[in-house]
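Asks: Under my numbering, the first residue of the sequence shown carries the number -8, and numbering increases by one thereafter.
Since the hints were derived computationally from the structure, they do not count as laboratory data.
Certain hints may be false.
[What the hints assert, rightly or not] Straight-line Cα separation of at most 30 Å, DSBU-like style, residue types lysine-lysine; simulated pairs:
#1 K61 with K33
#2 K61 with K(-3)
#3 K33 with K60
#4 K60 with K23
#5 K(-3) with K66
#6 K66 with K23
#7 K23 with K61
#8 K33 with K(-3)
#9 K(-3) with K23
#10 K33 with K66
#11 K33 with K23
[As the list claims (entries may be wrong)] Simulated restraints on C-beta separations:
#12 L71 with K(-3): 22 to 28 Å
#13 E37 with S97: 26 to 32 Å
#14 D65 with V7: 18 to 24 Å
#15 D53 with H27: 25 to 31 Å
#16 P22 with K(-3): 28 to 34 Å
#17 T21 with C(-4): 32 to 38 Å
#18 K60 with E12: 18 to 24 Å
#19 G1 with E37: 20 to 26 Å
#20 D65 with N18: 15 to 21 Å
Heads up, the beta-carbon is just placed ideally off N, CA and C, and yes, glycines get one too.
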Amino acid sequence: MCVFCKIVNGEIPAQVVFEDERVVAFNDITPKAPTHILVVPKEHIESATEVVDSNLWSWFMDTALQVVKKLDLDKQGYRLVINTGEHGGQTVPHLHLHILAGRSFSWPPG
């Protein structure tokens, strides 16, 4: 079982900022910005490539925007990131979206 599934199942503690029947959002334990939140589906889906339920994408984005508004991150800006695969920087084989905020970000990333 992957680390995110263990968090979803309550086997590993996390600082949860949002949860509903399909997703959970929690603070990243190795933040790359002052605010670094992960949005994770409760269903184990390895990567963005594996999503077969198109409704999950809208649920994912809606959840991310709810968290952004709840934490007032929209005032100064934020970045949403989904890494996919080894070359895309995905380190945990469970679909997750990063919400990054609290500092300026450069472009291009990486």
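Asks: Between K60 and K23, is the straight-line Cα distance small enough, at 30 Å or below?
Replies: holds (20 Å)
Asks: Does the alpha-carbon distance linking K23 and K61 stay inside the 30 Å limit?
Replies: holds (20 Å)
Asks: Check whether the Cα positions of K66 and K23 lie no farther apart than 30 Å.
Replies: holds (19 Å)
Asks: For L71 and K(-3), compare the CB-CB distance with the range 22 to 28 Å and indicate the outcome.
Replies: Given a distance of about 24 Å, which is inside 22 to 28 Å, the answer is holds.
Asks: Would the pair K33 and K66 pass a check requiring their Cα atoms to be no farther apart than 30 Å?
Replies: holds (29 Å)
Asks: Do the Cβ positions of E37 and S97 conform to the proposed distance bound of 26 to 32 Å?
Replies: Holds, since E37 and S97 (Cβ atoms, about 29 Å apart) stay within the stated range.
Asks: Please work out if K(-3) and K66 have their alpha carbons no farther apart than 30 Å.
Replies: With Cα atoms ~33 Å apart, K(-3) and K66 exceed 30 Å; violated.
Asks: If you check the beta carbons of G1 and E37, does the distance land in 20 to 26 Å?
Replies: Given about 21 Å between the Cβ atoms, the range holds.
Asks: How does the Cβ-Cβ distance of P22 and K(-3) compare with 28 to 34 Å: does it lie in that range?
Replies: violated (19 Å)
Asks: Take a quick look at whether K33 and K60 sit within 30 Å of each other, Cα to Cα.
Replies: Within the cut-off at roughly 22 Å; holds.
Asks: Between K(-3) and K23, is the straight-line Cα distance small enough, at 30 Å or below?
Replies: holds (22 Å)
Asks: Do the alpha carbons of K61 and K33 lie within 30 Å of each other, as the hint requires?
Replies: holds (21 Å)
Hint compliance for this structure: hints 5, 15, 16 and 17 are not met, and every other hint is.
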